[in-house]
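**Q** Below are the chains, spelled out letter by letter.
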Amino acid sequence: MLQDRDTIITAREVHKWYGNFHALKGIDMDVKRREVIVIFGPSGSGKSTFIRTINRLEEHQRGQIIVDGIELSHDVRNIEQIRMDTGMVFQQFNLFPHLTVMQNITLSPIQVRKWTKEKAEEIALQLLGRVGIPEQAHKYPGQLSGGQQQRVAIARALAMQPKIMLFDEPTSALDPEMIKEVLDVMVELAKSGMTMLVVTHEMGFARAVADRMFFFDQGQIVESGTPEEIFKEPKEERTKLFLSQILSH
Amino acid sequence: MTQANSVLPPLAERSGILRWLRKNLFGSWLDAALTIIGAIIIYWAIKGFLTWAFTVAEWEVISANMRLIMIGQYPLEQVGQLWIALGFLMFLTGNSLAIWARKSYFTTILLLASPALLALLPFGDDPRKWLIILSVTGVIGWGMGWSKPEALGRIVILGWVLSLPVFILLTRGFTPEDGIMPIVGTNLWGGLLLTFLLTVVGILFSFPLGVLLALGRRSELPVIRLASITYIELVRGVPLITILFMAQLMLPLFLPPNVTIDRVLRAMVGITLFSAAYLAENVRGGLQAIPKGQFEAAQALGLNGAQTMVFIILPQALRLIIPILVGQFIAVFKDTALVAIVGLFDLVGIAKTVLAQPDFLGLQREVYVFISLIYWVLSYGMSYLSQRLEEKLGVGKR
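Protein chains in written order, with this note's numbering: chain Y, 1 to 249; chain V, 1 to 398.
Read the hints as simulated data drawn from the structure, not as lab findings.
Owing to the predicted nature of the structure, the values given are computational and were not obtained by experimental measurement.
Note that CB positions come from ideal geometry on N, CA and C, so glycine has one too.
It is possible that part of the hints are untrue.
Some chain Y residues flagged as far from chain V (calculated, every beta-carbon gap over 10 Å) [to be verified]:
#	residue
1	Y18
2	H22
3	G87
4	M88
5	P97
6	H98
7	I123
8	K163
9	V187
10	G193
11	K235
Some, not all, of what chain V presents toward chain Y, calculated at C-beta under 7 Å [as the list claims (entries may be wrong)]:
#	residue
12	A289
13	E296
14	A300
15	L301
16	G305
17	A306
18	Q307
19	I312
20	P315
21	Q316
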């Protein structure tokens with residue numbers, strides 16, 4: 001066994017370089033099933049790069065990443081399997097503008113999971129209900145607000161019935177009044193028992209649902225702990241400084 | 001109610017034609033001078049042209065040679081086959097308009113009525129009869145499409161897929177000398193018929209080839225990438241006319257003496273290969289305009305490379321470059337005129353034949369004005385239809 005049964009993501013000594021720039025300097029992380037992890041840190045700290053290595057949008061050059069018992073390697077079948085089991089939500093939504101909301105959600109289940117159109121659409125409608133916009137199914141992404149688009153993106157990722165959801169700064173591109181509608185969906189998802197890795201600066205969200213938090217700086221994990229530990233008594237100076245900067249206003 | 005009606009538009013919008021003229025054409029002394037000079041030049045040019053067209057020009061050269069200009073030396077007793085082929089296209093056009101462009105009334109009426117309108121020109125009785133039949137066929141097709149759009153959709157698509165083979169089969173004939181449709185050699189194909197076939201074949205085959213080359217140029221496999229780049233740069237580096245010359249004159253040198261390839265086919269292949277290289281670069285431009293996030297989202301959803309291209313990237317890239325694609329298609333249409341130089345009888349080639357007849361010496365102006373008009377009407381038609389298509393695809397999708 002590569003992993004024990006409770007662990008769904010294992011990262012060991014993960015390194016990544018962009019040319020000469022050392023973006024990830026030996027990341028170690030174990031994520032348990034049903035855990036909600038919040039990753040935060042200054043820009044350029046490697047937090048987005050790290051979660052993007054988990055579904056191989058970025059390739060790590062050294063170390064080991066195991067997702068649900070499958071090791072990420074150059075084996076394309078492994079990568080495909082891991083991508084099927086991992087949903088991702090992006091900062092810029094990345095919906096497909098030429099497809100309707102319904103087609104955005106059902107494309108991958110039909111093409112990759114080989115579901116029938118009827119089954120895929122039925123599940124898509126359930127998911128749109130779950131994210132609160134069942135009436136938008138036949139619109140195009142360009143006709144929706146940012147908050148609605150991001151909720152469609154969440155529904156699209158969930159339609160593949162992933163075991164893990166990765167969120168890469170999901171509210172950073174949203175107008176302030178739309179952030180809550182997206183966070184509400186994420187809180188509900190967290191409470192339903194989904195394993196989630198969330199890169200965000202929404203500390204209210206972290207406080208409410210995170211099991212553990214990781215503070216990244218300069219490609220390393222500086223500190224980790226429960227929200228209680230991080231907010232009440234951060235051990236490292238850098239963590240204190242960063243928290244005071246983002247919480248001060 | 002009355003109050004709303006009594007509100008007057010702002011002053012500027014109430015201005016009459018005089019105010020418009022003054023603002024746009026006579027705003028200053030310089031504007032006024034330019035307007036007057038421009039008007040004199042336009043008047044002089046139009047007057048000159050109209051005087052020539054209605055008093056000097058001998059249009060008999062066109063009416064006497066209409067059949068040559070349209071179909072070249074194609075045997076008269078088999079012209080019915082061509083009309084049947086056109087009827088098939090007209091029928092599909094009617095179907096398609098009723099199924100996919102229900103609200104485009106103007107385009108529909110224009111397309112379906114155009115053969116009947118052409119019948120007003122002095123074509124002779126037989127073509128007139130056929131032109132009217134074409135319009136009627138189109139309207140029947142439209143009616144069928146209108147009454148059963150869902151059921152017919154797929155059949156019509158299949159019809160379009162088969163339309164080129166059917167058209168070529170009917171043009172060429174397929175029975176021996178004494179059969180119902182004897183084979184007509186391509187040396188007898190000519191005029192607008194040949195120009196049309198060269199264009200359609202060129203466009204239809206260069207499009208997929210161009211897309212493949214564009215994808216090849218972005219491939220991660222060095223061999224494929226290098227081969228694509230070499231092909232594209234090599235072909236774009238030479239004029240079409242040299243490719244046509246090579247196909248007509250050089251190719252036979254490399255083939256065994258008993259193997260001959262049809263000359264029209266060689267021209268078609270040359271045009272296709274040439275156009276594909278340009279299309280490849282146009283498509284590549286479209287591919288580059290697609291944000292990286294689209295690829296990432298598709299990958300994250302588990303789609304493989306081919307699925308990502310087919311469902312996500314190409315539909316967006318091709319929609320972006322519709323105006324460029326249509327420009328390229330129009331260029332192919334007009335470039336087919338070069339086959340006249342290598343001895344085929346397309347519109348331009350047949351014009352030379354017409355002018356070589358002793359009866360019609362020295363009537364270049366009439367003949368070339370007329371074939372220019374044909375080129376223009378068809379080019380503008382493509383441009384117009386593509387604009388309608390863009391409007392249709394663009395609504396609410398971005």
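**Q** Next step is simple, just say for each hint if it's right about the structure.
**A** These are the hints, each one checked on the structure:
Distance to chain V confirms Y:Y18 as a non-interface residue, since its nearest Cβ pair spans about 15 Å, more than 10 Å. Consistency note on Y:H22: stated as away from chain V, and its beta-carbon is indeed over 10 Å from all of that chain's, at 23 Å minimum. For Y:G87, the condition that its CB be more than 10 Å from all CB atoms of chain V is violated, with the nearest at approximately 7 Å. The beta carbon of Y:M88 sits about 4 Å from the closest Cβ of chain V, which is not more than 10 Å, so the claim that it is off the interface is violated.
Consistency note on Y:P97: stated as away from chain V, yet its beta-carbon is not over 10 Å from all of that chain's, at 6 Å minimum. For Y:H98, the requirement that its beta carbon stay farther than 10 Å from each beta carbon of chain V is not met, with the minimum near 5 Å. The claim that Y:I123 lies off the interface holds: its Cβ sits roughly 14 Å from the closest Cβ of chain V, which is beyond the 10 Å cut-off. Here Y:K163 stays apart from chain V, with its beta-carbon at least about 13 Å from theirs, past the 10 Å limit.
Every CB of chain V lies more than 10 Å from the CB of Y:V187, the least distance being 22 Å, so the non-interface label holds. Taking the minimum C-beta to C-beta distance to chain V, about 22 Å, the non-interface status of Y:G193 holds against the 10 Å cut. Interface exclusion of Y:K235 from chain V stands, the closest Cβ pair being 35 Å apart, more than 10 Å. Because the closest C-beta pair between V:A289 and chain Y is about 12 Å apart, greater than 7 Å, the hint is violated.
Hint status for V:E296: holds, given a least beta-carbon distance of 5 Å to chain Y, under 7 Å. Because the closest C-beta pair between V:A300 and chain Y is about 4 Å apart, less than 7 Å, the hint holds. Annotation: V:L301 was flagged as interfacial toward chain Y, and the flag holds, the nearest CB pair being 4 Å apart, inside 7 Å. At its closest, the beta carbon of V:G305 sits 10 Å from a beta carbon of chain Y; the interface hint therefore is violated under the 7 Å criterion.
Taken as an interface hint, V:A306 does not check out: its beta carbon lies about 10 Å from the nearest beta carbon of chain Y, beyond 7 Å. Hint on V:Q307 holds. Least Cβ distance to chain Y is approximately 5 Å, under the 7 Å limit. Checking V:I312 against chain Y: minimum C-beta separation of about 6 Å stays under 7 Å; hint holds. For V:P315, the shortest C-beta to C-beta distance to chain Y is roughly 5 Å, which falls under 7 Å, so the interface hint holds.
Taken as an interface hint, V:Q316 checks out: its beta carbon lies about 5 Å from the nearest beta carbon of chain Y, inside 7 Å.
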